[in-house]
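Protein chains: 2
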Amino acid sequence: MELQVRLRQLIIFFFLFLTVLEHASSSRILRIAKPDRHDIAASARWLVSQNIWGVLSTLSIEHDGAPFGNVVSYSDGLPGKGKGIPYFYLTMLDPTTRNALKDSRASFAISESPVGTCKRDPMDPTCSKLTLTGKLLQLDEGSEEEKVAKKALFTKHPEMMDWPEGHEFSVFKLEIMNIFLINWYGGAKSITVDEYLRYKE
Amino acid sequence: MELQVRLRQLIIFFFLFLTVLEHASSSRILRIAKPDRHDIAASARWLVSQNIWGVLSTLSIEHDGAPFGNVVSYSDGLPGKGKGIPYFYLTMLDPTTRNALKDSRASFAISESPVGTCKRDPMDPTCSKLTLTGKLLQLDEGSEEEKVAKKALFTKHPEMMDWPEGHEFSVFKLEIMNIFLINWYGGAKSITVDEYLRYKE
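If you're matching them up, the sequences are chains A and B in order.
Counting from 1005, one number per residue, gives the positions in the first sequence under my numbering.
Counting from 1005, one number per residue, gives the positions in the second sequence under my numbering.
Hints were generated in silico from the structure; no laboratory data involved.
A quick note: this is a predicted structure, and the numbers were derived from the prediction, not measured.
Where is the CB? At the ideal position from N, CA and C, for every residue including glycine.
Keep in mind that the hints are not guaranteed to be accurate.
Some chain B residues judged to face chain A by a derived CB distance under 10 angstroms, without partners named [to be verified]: (1) P1039; (2) V1059; (3) S1077; (4) Y1093; (5) P1099; (6) S1115; (7) S1117; (8) K1139; (9) G1146; (10) F1184; (11) W1188; (12) R1202; (13) E1205.
The following label-pair restraints were derived from C-beta to C-beta distances [unchecked claim]: (14) B/Q1008 with A/L1201: 55 to 65 angstroms; (15) A/R1124 with B/G1170: 11 to 21 angstroms; (16) A/A1037 with B/M1181: 41 to 51 angstroms; (17) A/G1146 with B/W1188: 30 to 40 angstroms; (18) B/E1169 with A/H1042: 20 to 30 angstroms; (19) B/Q1008 with A/E1163: 23 to 33 angstroms; (20) A/E1145 with B/H1171: 41 to 51 angstroms.
Generate coordinates for the entire structure from the input sequences, incorporating the hints supplied.
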């Protein structure tokens, strides 16, 4: 009998352990709940603050001006203190960086899918997606904005601190000129850059 | 005593249920293990076959030729039978579609991050990323390729079957002209389109 009880305890412990493990390995801990879909500015800013990577597109020098998308990590600020402007840590070895220095026109696209709150297909309109179009600009080294951006990047992506110095990493930002947001049925939602940037987390 | 035993059974069942639930809700079941990183063609094709969404970039009509990235779902074939060519199901209401019909130059970027096999930051070179550059072409309705592509799309994205007819969805493919793959340290890996397409899953 005692053996049976022990066995049961062991089984309980095993499943408890598995459950904790699953939770620990899930990609994201949501810090802020998804806002009401009718609040367009809140929805856009939430998506930018909760996600950590997206695709940055520039005009390719190598491929005759074709659009070149590239998977990159980003940060719009310290957790809970984002300002909506995506900052990037890019190396001169990357074609995206070289493209941007020649022609700054760029866009940055992110999906709600990696955040873990989508219940349907990544292309279903209820799974938010956002494209910020504008100019990809290099920040002056040592400037106030560069220091703040670097802190924002290194906080969300601690590994960046160890990236090789010889690769000439440098901080860039996307100066936003247009916002394309889909967060529900009915096509892209109307939101100005001013409405987006004014929103306080 | 019997009550205690029942209670234990209930607790066991509860944790078992939670564990199953967690597994069921995890985004991906890996059908094929990640290939050896030295096999460049296998690595690229594996990433395309295992992922289900990415960012498709075109040249924006609305924004003066700026690159416009857009989150989209895709499929390169039935599970285990992919051919490496990404197919998309796009509506004429989408700016990406309108852009492509004016200028077909496009790129498609995907990350290993959603597959669930990355152990580090999405921008760390050990977390694979792939950009296919080429032409985004609309397939002829009713053609053999369109039928195969639609089946590939609907199998990986069953929700697509219910998307509204009035939105004029149509099948597109990316005719690949260049491959940019990072799947380890040391910069982009060298692979030709021919090597990529010839590879058999």
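*Find the hints from earlier in the document that the structure breaks and name them by number, from lowest to highest.*
1, 9, 11, 12, 13, 19
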